[in-house]
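**Student:** Guided by the hints, dock chain F onto chain Y, whose structure is given.
Protein chains: 2
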Amino acid sequence: MSVVIVGSVAYDGVETPHGKADRILGGACTYISLAASFFTGVKIVGVVGDDFAREDEEFLAGRGIDLEGLERVPGKTFYWQGVYSADMNDRTTLRTDLNVFADFHPKLPESYKSAPYLVLGNIQPALQRNVRAQMNGVRLVGGDTMNYWIESYRDELLATIREWDFLLINDSEARMLSGAHNLKRAAAKILEMGPSTVVIKRGEYGAVLFRLDHHFIVPGYLLEEIFDPTGAGDSFAGGFIGYLAEKGYDLEKGHINSKELCRAVIYGSVMGSFCCERFGVDRFRTLTRAEIDARFAEFRDFTEF
Amino acid sequence: MSVVIVGSVAYDGVETPHGKADRILGGACTYISLAASFFTGVKIVGVVGDDFAREDEEFLAGRGIDLEGLERVPGKTFYWQGVYSADMNDRTTLRTDLNVFADFHPKLPESYKSAPYLVLGNIQPALQRNVRAQMNGVRLVGGDTMNYWIESYRDELLATIREWDFLLINDSEARMLSGAHNLKRAAAKILEMGPSTVVIKRGEYGAVLFRLDHHFIVPGYLLEEIFDPTGAGDSFAGGFIGYLAEKGYDLEKGHINSKELCRAVIYGSVMGSFCCERFGVDRFRTLTRAEIDARFAEFRDFTEF
Numbered sequence: 001m002s003v004v005i006v007g008s009v010a011y012d013g014v015e016t017p018h019g020k021a022d023r024i025l026g027g028a029c030t031y032i033s034l035a036a037s038f039f040t041g042v043k044i045v046g047v048v049g050d051d052f053a054r055e056d057e058e059f060l061a062g063r064g065i066d067l068e069g070l071e072r073v074p075g076k077t078f079y080w081q082g083v084y085s086a087d088m089n090d091r092t093t094l095r096t097d098l099n100v101f102a103d104f105h106p107k108l109p110e111s112y113k114s115a116p117y118l119v120l121g122n123i124q125p126a127l128q129r130n131v132r133a134q135m136n137g138v139r140l141v142g143g144d145t146m147n148y149w150i151e152s153y154r155d156e157l158l159a160t161i162r163e164w165d166f167l168l169i170n171d172s173e174a175r176m177l178s179g180a181h182n183l184k185r186a187a188a189k190i191l192e193m194g195p196s197t198v199v200i201k202r203g204e205y206g207a208v209l210f211r212l213d214h215h216f217i218v219p220g221y222l223l224e225e226i227f228d229p230t231g232a233g234d235s236f237a238g239g240f241i242g243y244l245a246e247k248g249y250d251l252e253k254g255h256i257n258s259k260e261l262c263r264a265v266i267y268g269s270v271m272g273s274f275c276c277e278r279f280g281v282d283r284f285r286t287l288t289r290a291e292i293d294a295r296f297a298e299f300r301d302f303t304e305f
Numbered sequence: 001m002s003v004v005i006v007g008s009v010a011y012d013g014v015e016t017p018h019g020k021a022d023r024i025l026g027g028a029c030t031y032i033s034l035a036a037s038f039f040t041g042v043k044i045v046g047v048v049g050d051d052f053a054r055e056d057e058e059f060l061a062g063r064g065i066d067l068e069g070l071e072r073v074p075g076k077t078f079y080w081q082g083v084y085s086a087d088m089n090d091r092t093t094l095r096t097d098l099n100v101f102a103d104f105h106p107k108l109p110e111s112y113k114s115a116p117y118l119v120l121g122n123i124q125p126a127l128q129r130n131v132r133a134q135m136n137g138v139r140l141v142g143g144d145t146m147n148y149w150i151e152s153y154r155d156e157l158l159a160t161i162r163e164w165d166f167l168l169i170n171d172s173e174a175r176m177l178s179g180a181h182n183l184k185r186a187a188a189k190i191l192e193m194g195p196s197t198v199v200i201k202r203g204e205y206g207a208v209l210f211r212l213d214h215h216f217i218v219p220g221y222l223l224e225e226i227f228d229p230t231g232a233g234d235s236f237a238g239g240f241i242g243y244l245a246e247k248g249y250d251l252e253k254g255h256i257n258s259k260e261l262c263r264a265v266i267y268g269s270v271m272g273s274f275c276c277e278r279f280g281v282d283r284f285r286t287l288t289r290a291e292i293d294a295r296f297a298e299f300r301d302f303t304e305f
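Quick note, the sequences are listed as chains Y and F, same order. For the first sequence, position 56 matches number 56 in the numbering used here, and the numbering has no gaps at all. For the second sequence, position 51 matches number 51 in the numbering used here, and the numbering has no gaps at all.
Isolated chain Y, as found in the complex:
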């Protein structure tokens, strides 16, 4: 069943210890959509400038992604530039040119409004909320946020996530949002804010899914070489929602078996791990569903006892 994905479509300049690439396709919406496209139909909502390359558009369309909601306006596409530390645990943003993204007011095409799944990438919380309101009878909605919105738009953010089924957030953001340092306590506080499901991402250490009645911990996949971690968290989101949508699950208690939900977390982890193997979105150009399922089996192999 199809998923509507809203967020940034960007060009990135990335430098890691393995090399450097400039003006490569990036953005949260791009990574989430590409990862989800291996599981289910995807419809994206975003904005790009007149510099957005035809080959990038063709790549997305070639993955079966519906681009009706991708606005093209005069000006330049959102540009982000960053450099990673030697161990790749930190990154420094060198430049953020919002460009046409500064005036992004997501508007859903009619054909999107009855989609059952909605993922809201990290944008201003009021915009996320407004998109949610444009949907008719969405079954499952969730998304991401970041430190800036947590600090400076807290009330709007709380009103927004109150209507969400799931929140994907990294560990430092979970601590900031909840005010609790301990991960279990942080998750318990966030579960009181609305979402029935919280997934806390821990970078190379994996992720933890929390619900009121259980939690599930997945360690990170051990890569021998991390080329570029950009987009790994968004690719996680894409794998997670992609699997749920492929199976037609929602997150209502009783509807989804808790082990199936854990499997969605594993597929998220699988997609995040593939993302890091090449610069930018490059790994998704050659990836196959068979490789995805083989890595899923590897997760079982190295965690089962």
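Don't take each hint at face value.
The list treats identical chains as one, so a pair stands whether inside a single copy or across any two.
List time: in silico DSBU-like cross-link candidates among lysine-lysine, alpha-carbon distance up to 30 Å [stated by the list, open to error]:
#1 20 x 189
#2 20 x 184
#3 113 x 247
#4 184 x 247
#5 259 x 184
Bear in mind the hints are in silico, worked out from the structure with no lab data behind them.
**Tutor:** Chain F only, in chain Y's frame:
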């Protein structure tokens, strides 16, 4: 089957965000032994001063630990004092008084020499090697080390671990020992140094077991309150060797089923997690095997998918 455990028996002064305790029972040998004692017979080799309290001796003996190899000499017991950071990810050593431990030359009682299992806590590598040489027909030997020996006694350390079946080491030490930042590459290099099994401990994030043909990752147990992480790594070692000894396993290829070895890692993680729940060794005063097995089942519950 019984395990000989060699290392420091100490008094610790510990300050964590949850409080402060001084001159409490500690030391690597103590933690490893207490944790292992829930699984198998334990014989310890260490040295204490004439200030070593009768009640501490009675506690160890009460856990069935053989103290014949615990030398009592004039002087003071090894004293360590440290303080943890607010998030408990760092600790600062305030004081290290080696005292009687400065002249520790472990000598095995006759009754220890034919024990099938040997764990060498973090002491000077040449001493570790000397203990190994005193054993007759040991089936399984391994232990721990630390940054100081890796940096300043590298050749001795390499000669020592060449004779070991397993090495337990934390992630930063594994990087230092191998010269590789990437965990998989670091482990591959260490496996070339002798041990057939390397367990890399990652603090709150759990541990990874590496063998030539497979690896196993266990995430850390999520505690709501970490009272005192002192000794968690040593308690891990105790649970790990304790389970192997209880079952009578060695680490020869073909002798142990890889899933059983994973279970030893889980029991290690279980014992490390319990250790953090109270100051010093206190949790081991009340812990029961039923609680241990219940937590083992919890690990299965939050990792299975």
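**Student:** Next step is simple, just say for each hint if it's right about the structure.
**Tutor:** So, going through the hints one by one against the coordinates:
1. Taking the closest pair of Cα atoms, residue 20 and residue 189 come within 30 Å of each other only across two copies (28 Å); inside a single copy the shortest separation is 40 Å, beyond that limit.
2. In this assembly of identical chains, the alpha carbons of residue 20 and residue 184 lie at most 30 Å apart only when taken from different copies (24 Å versus 38 Å within one copy).
3. Taking identical chains as interchangeable, the C-alpha atoms of residue 113 and residue 247 lie at most 30 Å apart only when both belong to the same chain, with a minimum of 20 Å there against 60 Å between chains.
4. In this homomeric assembly, residue 184 and residue 247 come within 30 Å of each other (Cα to Cα) only inside a single copy, at 29 Å, whereas the closest approach across copies is 34 Å.
5. Taking the closest pair of Cα atoms, residue 259 and residue 184 come within 30 Å of each other both inside a single copy (20 Å) and across two copies (28 Å).
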